[in-house]
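Engineer: Okay, here's what each chain looks like letter by letter:
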Amino acid sequence: MSGIQWGLVMLVALLVALGLRVHIGIAMLIAGSVGYVSVAGLDPLLNYFKSAAYARYSVYDLSVVPLFLLMGQFATYGGLSRALFRVGNALVGHFRGGMAMGAITACAGFGSICGSSLATAATMGQVALPELRAHHYSERFAAAVLSAGGTLGILIPPSIPLVVYAIMTEQNVGRMFLAALVPGILAALGYVLVISLVARLSPRDAPAGESVPWAQRIRALIEIWPVLLIFVVVIGGIYSGIFTPTEAASIGTLATGFVAWRSGGLKGQGLLTCIYGAATATGMIFLILLGADILNVFFALTGLNRELAQWVVSLGVEPLAVLFLIIVIYLVLGCFMDSLSMILLTIPVFFPVIMSIDLWGLEPEAKAIWFGILVLMVVEIGLITPPVGMNVFIISSMTRSVPMVEIFKSVIPFLASDLLRIGLLVFVPSTALFVLKVLPN
Amino acid sequence: MGRWIARVCRALAIAAGVILVAMALMSLASIVGRTLFGKPITGDYELVQMMCAAAVSLTLPYAHWAGGHVIVDFLTARASPGLRLLLDSVADMLMAFAGAVMCMRLAVGMMDLRRNMDSSMLLGLPTWWGYAPMVVSFGMLTLTAGYILVARIMGANR
Chain W
1 MSGIQWGLVM
11 LVALLVALGL
21 RVHIGIAMLI
31 AGSVGYVSVA
41 GLDPLLNYFK
51 SAAYARYSVY
61 DLSVVPLFLL
71 MGQFATYGGL
81 SRALFRVGNA
91 LVGHFRGGMA
101 MGAITACAGF
111 GSICGSSLAT
121 AATMGQVALP
131 ELRAHHYSER
141 FAAAVLSAGG
151 TLGILIPPSI
161 PLVVYAIMTE
171 QNVGRMFLAA
181 LVPGILAALG
191 YVLVISLVAR
201 LSPRDAPAGE
211 SVPWAQRIRA
221 LIEIWPVLLI
231 FVVVIGGIYS
241 GIFTPTEAAS
251 IGTLATGFVA
261 WRSGGLKGQG
271 LLTCIYGAAT
281 ATGMIFLILL
291 GADILNVFFA
301 LTGLNRELAQ
311 WVVSLGVEPL
321 AVLFLIIVIY
331 LVLGCFMDSL
341 SMILLTIPVF
351 FPVIMSIDLW
361 GLEPEAKAIW
371 FGILVLMVVE
381 IGLITPPVGM
391 NVFIISSMTR
401 SVPMVEIFKS
411 VIPFLASDLL
421 RIGLLVFVPS
431 TALFVLKVLP
441 N
Chain D
442 MGRWIARVCR
452 ALAIAAGVIL
462 VAMALMSLAS
472 IVGRTLFGKP
482 ITGDYELVQM
492 MCAAAVSLTL
502 PYAHWAGGHV
512 IVDFLTARAS
522 PGLRLLLDSV
532 ADMLMAFAGA
542 VMCMRLAVGM
552 MDLRRNMDSS
562 MLLGLPTWWG
572 YAPMVVSFGM
582 LTLTAGYILV
592 ARIMGANR
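Top line first, the protein sequences correspond to chains W and D. Start counting the first sequence at 1; every next residue gets the next number (our numbering). Start counting the second sequence at 442; every next residue gets the next number (our numbering).
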């Protein structure tokens with residue numbers, strides 16, 4: 001068999017192994033290894049294994065991943081979520097459905113110092129669900145708001161999937177974060193709009209709130225100054241080039257840790273819980289990274305991704321059709337795969353395809369960044385769609401006896417807003433890219 | 442036995458946390474040195490690479506112990522408990538096997554570097570130091586996966 005054929009065989013074997021409950025990272029590692037041995041022999045593989053894991057784990061830029069994960073844990077235990085929810089409420093609480101809008105605002109704020117959606121959903125859910133319940137929001141709508149709000153954790157930078165994408169495609173992490181900013185804010189605005197519509201059409205789900213005096217608003221804002229400061233230092237520092245991403249993440253982690261310590265969140269088991277939480281997420285991500293690395297070395301050896309890209313170009317299909325096909329594949333995969341595994345598995349195949357077709361005449365760098373933001377938004381949808389919507393699972397475990405189906409139904413309007421935003425980004429790439437033009441490096 | 446596995450996994454995770462915080466403090470010191478005194482810490486880049494490799498690999502056994510390594514369980518969610526047990530046992534075996542191979546190959550790589558006295562560019566640190574925690578991590582990952590496999594099968598028989 002030729003290399004390409006081996007590549008296809010192992011791809012199928014990989015998908016079968018994934019379906020049969022093999023851990024995602026291990027399935028990639030083994031499929032890649034078996035393929036490598038078939039094409040190049042056992043000795044080169046054993047030789048490669050002597051340094052593969054160290055080479056993968058000692059990448060300077062990747063060190064931001066464990067740092068951001070620890071920072072997210074500190075943010076969770078630092079009482080910041082409660083303060084953010086108070087601010088959200090003080091600012092927009094007086095509208096119809098105001099408290100739900102406040103929860104979205106708080107999720108966005110939390111997302112600005114946390115790069116993970118599950119952590120954002122879990123943390124904000126704990127704070128906001130009881131309050132929404134107490135203020136007569138319907139349980140299913142409150143759950144839907146927080147499931148959708150949780151996705152802001154990765155949509156608003158820092159964002160761990162975006163770091164991984166940037167490293168895989170050799171893009172600048174700072175520029176990727178900056179490009180994600182406006183689409184992330186649009187996501188939050190879209191959700192707020194959805195809430196306001198639902199509050200009008202179905203007041204039983206989302207009642208009106210009370211107005212808050214300005215003095216109280218300002219007091220609430222002052223309380224979250226650490227969040228603002230950390231966000232500005234981390235994102236601003238990375239982009240302006242004052243810090244490397246690792247340095248910025250280090251400062252962010254230490255500062256958030258300090259805030260958590262001051263608030264008493266690290267007392268007793270607190271610190272250990274933070275470390276264990278960060279360790280679990282880190283281990284999960286890095287096992288998949290290692291597997292993906294070996295799989296991709298094998299794919300590169302067979303030339304499968306290059307051939308596929310050439311084949312797509314030779315078909316002469318409308319570039320937008322190719323893009324839509326890729327988006328559909330992500331939406332389908334997202335129904336039962338975790339977002340990071342999806343990016344690691346598909347980017348080596350899809351990225352060369354995207355780079356070899358002409359989309360809106362974008363320059364290579366702009367196209368790479370734009371596609372990254374697009375992928376981020378599309379995989380994020382997988383977190384709130386059935387059958388496996390992790391955010392919905394987490395929130396539903398906190399609610400009282402609301403059937404999962406009911407929550408998924410209430411999530412539909414938020415999904416609609418996601419799809420509209422993806423459409424906007426597809427047809428108007430400057431939604432993400434104009435910030436980079438306004439602020440040249 | 443299970444208690445000891447859990448203890449070691451937790452200890453390694455805590456070690457990872459300590460290394461990570463130390464790495465962050467070192468980056469901070471380097472920034473302060475650079476802005477205030479015009480000289481960063483020599484070799485901070487190398488240290489981050491080495492510490493990062495140690496920290497992330499040390500989390501692998503704990504993540505497995507805590508059930509953190511993800512699987513796709515959508516297709517088999519409605520399978521019979523017996524079939525799921527079989528599949529999960531095979532997955533444990535593959536995890537243990539992959540961990541063992543990685544551990545042994547990294548150990549060989551480490552010995553090679555040690556013999557060649559390979560050292561880092563700026564600080565002259567022996568490169569094999571970076572490998573040592575990884576050998577331990579993958580070794581422990583293998584033990585953990587093996588223990589989970591045995592416990593799973595024995596639990597099913599009871």
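Hints are not guaranteed to be accurate.
To be verified - With the Cβ distance kept under 8 Å, some of the chain D side facing chain W (calculated, not the full set):
hint, residue
1, A465
2, M491
3, G571
To be clear, the hints were calculated from the coordinates, so they are not data collected in a lab. The beta-carbon is built from N, C-alpha and C at its ideal position, and this holds for glycine as well.
Engineer: For every hint, state whether the structure bears it out.
Structural biologist: Hints versus structure:
The restraint placing A465 of chain D at the interface with chain W holds, with a minimum CB-CB distance near 4 Å, inside the 8 Å limit. The interface hint given for M491 of chain D holds, since its Cβ lies 7 Å from the closest Cβ of chain W, which is under the 8 Å cut-off. Given the 8 Å rule on beta carbons, the hint for G571 of chain D holds: about 6 Å separates it from the nearest Cβ of chain W.
Checked against the numbered hints listed earlier, the structure breaks none of them; every hint is satisfied.
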